[in-house]
Structures are given as structure tokens and as C-alpha cells.
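Number of protein chains: 2
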Amino acid sequence: MIDINKAIASLNWQKEPRGLYEPIEYALASGGKRLRPTLALTAAELIVNGGLINGDAIEQTLPAALALEVFHNFTLLHDDVMDHADVRRGKETVHVKWNENTAILSGDQMLIEAYKLLSDVPVDKLPKVLKWFNEMATGICEGQQLDVDFEHMSQPSIDDYMHMIELKTSVLLANAMRIGGYIAGANESQQEALYQYGLHIGLAFQIQDDILDVYGDPKTFGKAVGGDICCNKKTILLLTALETADPESKAELLQWLMAKDCNEEKIAAVTEIYNRLGVRASCETVMEEHTSLALAQLDRLPQNDATERLRELAEKLATRKS
Amino acid sequence: MIDINKAIASLNWQKEPRGLYEPIEYALASGGKRLRPTLALTAAELIVNGGLINGDAIEQTLPAALALEVFHNFTLLHDDVMDHADVRRGKETVHVKWNENTAILSGDQMLIEAYKLLSDVPVDKLPKVLKWFNEMATGICEGQQLDVDFEHMSQPSIDDYMHMIELKTSVLLANAMRIGGYIAGANESQQEALYQYGLHIGLAFQIQDDILDVYGDPKTFGKAVGGDICCNKKTILLLTALETADPESKAELLQWLMAKDCNEEKIAAVTEIYNRLGVRASCETVMEEHTSLALAQLDRLPQNDATERLRELAEKLATRKS
Chain V
3 MIDINKAIAS LNWQKEPRGL YEPIEYALAS GGKRLRPTLA LTAAELIVNG
53 GLINGDAIEQ TLPAALALEV FHNFTLLHDD VMDHADVRRG KETVHVKWNE
103 NTAILSGDQM LIEAYKLLSD VPVDKLPKVL KWFNEMATGI CEGQQLDVDF
153 EHMSQPSIDD YMHMIELKTS VLLANAMRIG GYIAGANESQ QEALYQYGLH
203 IGLAFQIQDD ILDVYGDPKT FGKAVGGDIC CNKKTILLLT ALETADPESK
253 AELLQWLMAK DCNEEKIAAV TEIYNRLGVR ASCETVMEEH TSLALAQLDR
303 LPQNDATERL RELAEKLATR KS
Chain R
3 MIDINKAIAS LNWQKEPRGL YEPIEYALAS GGKRLRPTLA LTAAELIVNG
53 GLINGDAIEQ TLPAALALEV FHNFTLLHDD VMDHADVRRG KETVHVKWNE
103 NTAILSGDQM LIEAYKLLSD VPVDKLPKVL KWFNEMATGI CEGQQLDVDF
153 EHMSQPSIDD YMHMIELKTS VLLANAMRIG GYIAGANESQ QEALYQYGLH
203 IGLAFQIQDD ILDVYGDPKT FGKAVGGDIC CNKKTILLLT ALETADPESK
253 AELLQWLMAK DCNEEKIAAV TEIYNRLGVR ASCETVMEEH TSLALAQLDR
303 LPQNDATERL RELAEKLATR KS
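Protein sequences appear in the order of chains V and R. For what it's worth, the working numbering labels the leading residue of the first sequence as 3, then goes sequentially. For what it's worth, the working numbering labels the leading residue of the second sequence as 3, then goes sequentially.
Read the hints as simulated data drawn from the structure, not as lab findings. You can take every hint at face value.
One copy or two, either will do: identical chains are not told apart, so a pair holds if it fits within one copy or between any two.
Cut-off 27 angstroms, straight-line C-alpha distance, at most; resulting in silico cross-link-like pairs (BS3-like, lysine-lysine):
| # | residue 1 | residue 2 |
| --- | --- | --- |
| 1 | Lys17 | Lys133 |
| 2 | Lys17 | Lys130 |
| 3 | Lys17 | Lys99 |
| 4 | Lys235 | Lys225 |
| 5 | Lys93 | Lys235 |
| 6 | Lys235 | Lys252 |
| 7 | Lys318 | Lys93 |
This one's a predicted model, so the numbers in the text were calculated from it and none came from an experiment.
Next comes chain V alone, as it looks inside the complex (with noise of 0.2 angstroms):
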């Protein structure tokens, strides 16, 4: 079994000059789930354990785990910066720690390591694991600006939301999980059910973390409830709201959004509106939707550890309290 934390902690960026390096290290070792590499490594596994596979398959596939690892933190190097995020994981963003200059320029260097890591993929396997990290990187990019544009409508759909998040979060998990299980030598069918789960989890795990901002435990959710009502960000909770209240609790929710100044008193109002309009059970019924629909995938493929532990994350994503 690959421990996946020693692997990231064994990149070497003891190099010249630090300024640029340095970064890329404090970054790296915030921590994090570790969840796009732990998945990929999952999907090697499943499909090694399921069939009559060579065991390097496993190992074949950590410098793709480890390019998605540091593909994701290059995407919040930036995203932070774009964000003006002042702290990450408890620790200060890099474009706080040094300046935005330096969140920039590391932060294309770790996209340069992400193909460099990806570039020991196994020759005969390379184009295609190429092709598809294109796609998800473009993905996610997309996805990055549709939600910038998210902000400047006045009332994009539940649908617009679904695409959106689908980019920004779920093709990433998506591909972790089909080039995983793809250098393990997943046939197309497998590829294609590892591909779904991910993307299903990924929305899933979306959808939760919306609801949390609203309904999470401040002392197990770690960071403040409300935050999201506050700036008026468009969650599928707003926009559930939004699609289905009745005129009255309507106009009294875009008198709430009108107010730029954040208080309790409007988050206590907001969550009051979503309480009587259900918004919850709604939100949390698409989620279960998506959940279900990522364990039918397990579903298809070749059961054993790796597929049960597939299976309870899937479920430990949707009911989780942070």
C-alpha cells in the first residue's frame, strides 16, 4: 500500500532559486485530504485486485497521483489570489506569506511539475493519460470563469449551477479516478464507471459542502457558518430558494441580498427563509441523488478493498458534519 503523504513529502524542491521553490514546498505540505491522488491510487488498486494484473500497476500509477496532487494545489495557489483568500488549512495563502507576485509565478511553476511528474507515466500509456489531463485542466479553468460569471447573473439556473460545479470540482476527481484505474489496466467499460463515480461523488461532495456553510456544527465544521449568505454567494441553496419560493418569501429574500452589510441577523433570516421553504431536503435529496448513482457505478466493476473503501467514502462524503 502507497502512503500517500510520504510520496508528497518526498518531492524533492530543495532546489534553486528558492523563492520559487519555497512556495511550491509550504504549499505542499499544508496537507489537505489528499483526496485526487488517493482516488486515483484507489482506482489502481480495484482494478489490480480485480483481475489478473500486473502488482507494478500500483506504483505505475503515482506520478499521475502525484501530478494531480500538485495540479490541485497549483488551481488554490492561484483561486486564492483571485480570491484575495488570506488563509488556507489554518496557514497563511502564499500570495499573503510572500506576495501575489511570487502565488503567481510558483503557481505556474506547479502546473509546469504537474506534466513533468506526468511525463513518467508509462510510455505506451502517456497519450491518452495526456489528453484526458488536458481536458480536466481545461475543465477546471472553465469552470473557474463560469463561476466568476455565475456572480454577474441575476439568477442563473440550477442547471448552470450543475455545469458549473461539475468543472470546477468534479472532472477533477472524475479523471483522478479513470487514469488510476487506466495505467492499472482498466478496460473501457471500467474506465468509464470509475469516471462516473468520481464525477458523481464530486458533485455530491459539492452539493455537502453548500449545506454545511448553512447548516454545518460551528465547533466540528471549522470555519464560520453563514459565510456563504454573507456574500451572497449563489449555492444551490439560494438558488433552490430562488426557483421555488412563493412571491412573499421571494421579495423578502432579495431584500436580504440587496444588504451589503453581513450580520447574524441576516443569516439568522436567510436560514430562517431556506427553513420554511425546505430548501435543505431538497438540496440534500440531490445530493443523495448523485451519491446513489456513484455507488451504482461500484457497482460495475470488480469488488474488493478498493471497492469498499469507494463505497464508504461515497457515504462518508454525504454525511459528513465538516
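Fit chain R to the known structure of chain V by using the hints.
Below, chain R alone, put in the same frame as chain V:
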């Protein structure tokens, strides 16, 4: 003969979301010398015409040539953000026409687009091309960081300067030559000669750039002369002056470097010190050495029209006025 401008113009950016792709289209339509893709295609032509090699090889070089141009323009987008540059090729820079976040995100997407183009390199050549491209991209980020570090050093050596411009400018030209030649079938010693040619014209080009910033004819140079002197930029002229000056001239020069304000008087005075110390001639000697080294590489390669054009290019770069 491939028309590189036409090939660049035929890249499709009519995609959604427009906020992501329109700035890419704008940046790539802004012209420029198209030096990097031209080098790659000329290297390919040199090799193909020099042997009994499949004529399709030049066509096969096109995706990599385009990748190099898209990559180069990615670096310009991010550099212009980092340098707060408002104008590029006579037009507003992307972060001025749109905003900084757009320049960051569309720039990221351009880097990804470069790798997308690269994935069309013939499969048997892909691993090496990807490896070189990654090395090149890393060199440029390292060079950019060294350039930042440079401005905080009191008196970097001329060797430091040469190392910095090698990474910042030359490795891209060197790899354009090597990648173009390799895809067309160059053997190892040819690859090395092509690489060294690109490296040395890059160094000569950058040194000439520094010289023109002081000694260019304002009518043909295209920008105001003396900009580097104004902002105390550590060019090879300034470093040569600091290294070779007598104590009196050095004191006078350092006095001018202390001046925060910039005016015609400062430009004239520093230029006069350069003249007195013979800085221009010293730098021209270094530039000519690199031009000669570049030309010498061409003698190790097949002789044909393409070789002749590369010879003319090296000579033109060294005598250019703008």
C-alpha cells in the same frame, strides 16, 4: 512552406466561456515576431532538406511550433501582470483591457493549451518532446524568479546576468530549435548543434536588447530610449560599467543610481559614463562572440536554404536597430 501566422490565426478560440477564451484570442492576435515557431519550423526544414527524410516531418512539427508560441504568449500575460506593464505590442495588455484575474486565469489556460498542442506530437517523439518542453518551461520560471532576485542584489556579477538571461530567454529558443529538428528526424549531434544555435542567438538577442535601450535610434527603436537607465535596471551595460569603472566613475554612477526620480539629465549622465568607460564596445564584443558561436553551430549542420536563413537571422539579430 508553412505560413506560421496563418497557422496561429487558424487556432480556434471561439469557445465558451468567452471570458476565458477571448483574452487568449486577443493576446495571440497581437502579432509579434513569431520567432519561436519560426525557429522550430526552420530547424525541421533544415533537417528534412538535408537528408532523405519523410517530407511530412515539417507538417508534424507544426503542433509543437504552435505550442511554443502559445507558451511564449502565456509567459507574456503573466509577466505583464507581475511587472504592471500596461502596453504590449502597441495594445493594452490583457490585465488592463480586462483585469488581473482574467490575465491570471486565461494565462493558465494558455499554458494548458500549449500542452494540448503538444499532445499532437507523433507518439514516438512525444516523451522526449514533453521532457524538453517541461525543462524549458521550468527554466523560464526559474529565470523569471532570478530576475526578481536580481533586482534585490546590490551588484550581481556578469556571470549571474548571463545565467539569468540564458534561462529567461535562451532556453526557449534553444528548445524551439531542438524540438523542431528532433521531430523532423535530427540525430543527436544535430540536435545539440540546433540547441546551441538557439541558446547563443538568444544570448546575443538579449544583450542587443540592452544595448538598444541606451543606444537605439528613437525613430526606429519603437520605444523611448533610456528606460532601463531610468529604472536602474541591472542590464549587462550597467553591470559592465560597475565592474570596470575607476573609483571616481563608479561613485558618480552609484550617485545616479540613488536618484529616485528619472529625467533626461539622468539618462544623459549615465550614458556619458557608459561612453567614457567604453561599455558599449565591451557589450558588443560579448554579443558578437555569441553570434559567432551560433553561426559556428550552423557549420556542423546540413547546408541548404533553411541553414542560410538561420545564418541571416543570427546576423540580423546582431545588427538590428529595433
